[in-house]
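Number of protein chains: 2
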Amino acid sequence: MTVKYLKKVSFFKDLKITELKRILDIAKNVSFKAGDRIFSKEDVGRNFFIVLAGKVKIYTSTGEKRSKTLAYMVEGDFFGEMALLGGKTRSASAQAETDCQLMVVDKESFYELIETDVNFTLCLLRTMSERLRKSNQDVESLLFHNMLGRLAFTILRLSKEHGIKKDRSHINLTLHDLADLLGTTREPLSRSLSVMKKAGILDYEDKQIVIKDRKRLESMAPTYP
Amino acid sequence: MTVKYLKKVSFFKDLKITELKRILDIAKNVSFKAGDRIFSKEDVGRNFFIVLAGKVKIYTSTGEKRSKTLAYMVEGDFFGEMALLGGKTRSASAQAETDCQLMVVDKESFYELIETDVNFTLCLLRTMSERLRKSNQDVESLLFHNMLGRLAFTILRLSKEHGIKKDRSHINLTLHDLADLLGTTREPLSRSLSVMKKAGILDYEDKQIVIKDRKRLESMAPTYP
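These protein sequences, in sequence, are chains U and R.
For the first sequence, my numbering begins at 42 and goes up steadily by one.
For the second sequence, my numbering begins at 42 and goes up steadily by one.
These aren't lab readings, by the way, just hints derived from the structure by calculation.
Mixed in with the good hints there might be a few duds.
Note that identical chains are pooled: a pair holds if it fits in a single copy or bridges any two copies.
Unchecked claim - In the BS3-like style, the derived pairs of lysine-lysine whose C-alpha atoms are separated by at most 27 Å in a straight line are:
hint : residue 1 : residue 2
1    : Lys175    : Lys96
2    : Lys239    : Lys48
3    : Lys129    : Lys54
4    : Lys96     : Lys69
Quantities reported herein were computed from a predicted structural model and do not represent experimental measurements.
Construct the complete structure from the given sequences, taking the supplied hints into account.
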């Protein structure tokens with residue numbers, strides 16, 4: 042692992058060379074195989090993680106059928122800070138979605154970085170603030186929308202986040218993943234998708250959602266920013 | 042405003058005298074009357090606020106009937122940081138619930154404090170992390186519970202947060218406020234409360250909820266920590 046490599050990871054892009062060198066001294070580099078559990082909800086948290094390569098799923102579940110994907114963490118994203126900042130136990134589970142490489146910082150070093158590295162701290166604060174904003178939006182979406190509204194809201198957000206720049210109308214996602222994002226099961230999701238398809242708002246085929254009438258989709262999700 | 046006074050406000054309790062003096066130099070002291078709007082959702086954010094006295098309601102709404110109280114801010118709580126940390130516009134509205142006195146820090150001074158005052162920054166990070174945890178719990182609660190489950194979850198949380206130490210079974214709250222906390226209207230809430238009352242789980246009279254069977258209430262809210 043080199044400073045040059047770290048510079049390419051978005052989390053570190055605003056950090057100075059001296060700061061990166063210190064992080065390399067402090068952190069460990071750990072690999073996980075697709076499907077590996079990184080930590081489980083209710084575990085005592087001892088580490089902070091930054092994704093160097095691959096994809097990690099953060100999720101919560103009732104232990105039964107339904108699970109809710111809170112977020113996917115990709116290159117440059119961090120997770121695991123909540124249990125270190127006072128919560129003690131993990132508030133969600135983390136699992137390697139693909140093979141992945143993580144940078145691991147223990148609790149003591151994490152606090153040392155906060156106290157001595159203002160760019161690291163600003164990056165933490167900004168991202169946590171953005172996550173809080175998103176979580177509050179989720180609460181709003183769940184409260185104010187029926188299933189169709191929630192689906193419309195989520196598709197619009199995905200199209201904004203993951204859409205190809207040239208064409209934000211194509212989103213690649215399995216029905217199963219979309220159901221997890223919405224915290225629902227496939228049946229009500231299929232019904233809602235088919236209602237939208239019939240109405241000419243979108244097409245859904247081969248793990249791909251195609252937005253055909255963005256205006257009407259937006260009108261279905263009134264709190265979409 | 043004196044250092045001695047600030048020391049009593051929980052947000053400042055871990056800060057050193059020199060840090061408090063600097064904050065007094067930087068911040069302004071502003072009063073609001075009960076009912077005053079402090080800022081509105083979508084406003085551009087220019088200030089960070091700490092409550093010195095009184096109560097502020099943070100809420101979001103669709104503009105129509107339903108509104109959802111995200112939080113009440115009381116002595117020692119801060120708000121307004123999200124728009125300063127990158128979001129730019131306010132993600133919720135803030136209104137004085139009672140007459141209140143706030144400490145106001147502008148954006149530039151807010152960043153100066155983050156860069157130079159580690160105790161201030163740790164306080165920010167810890168509280169934001171706790172808020173994120175709570176918001177994620179809300180999402181879970183909304184997804185996995187029916188109305189009864191959400192109500193049980195909220196009453197248990199209120200009893201933990203606001204209960205008198207000697208007796209965490211009495212909670213003072215109007216039906217209207219409880220409905221806002223749940224993001225629902227009075228009718229479905231009344232129905233759910235009356236179901237719980239008939240079942241001997243709680244009593245509800247004169248703006249006071251009395252928990253009579255905590256075990257069963259907990260069993261109704263399976264994700265309650």
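Exercise. Checking against the hints above, which ones are violated?
Worked result: Violated: hint 2 alone.
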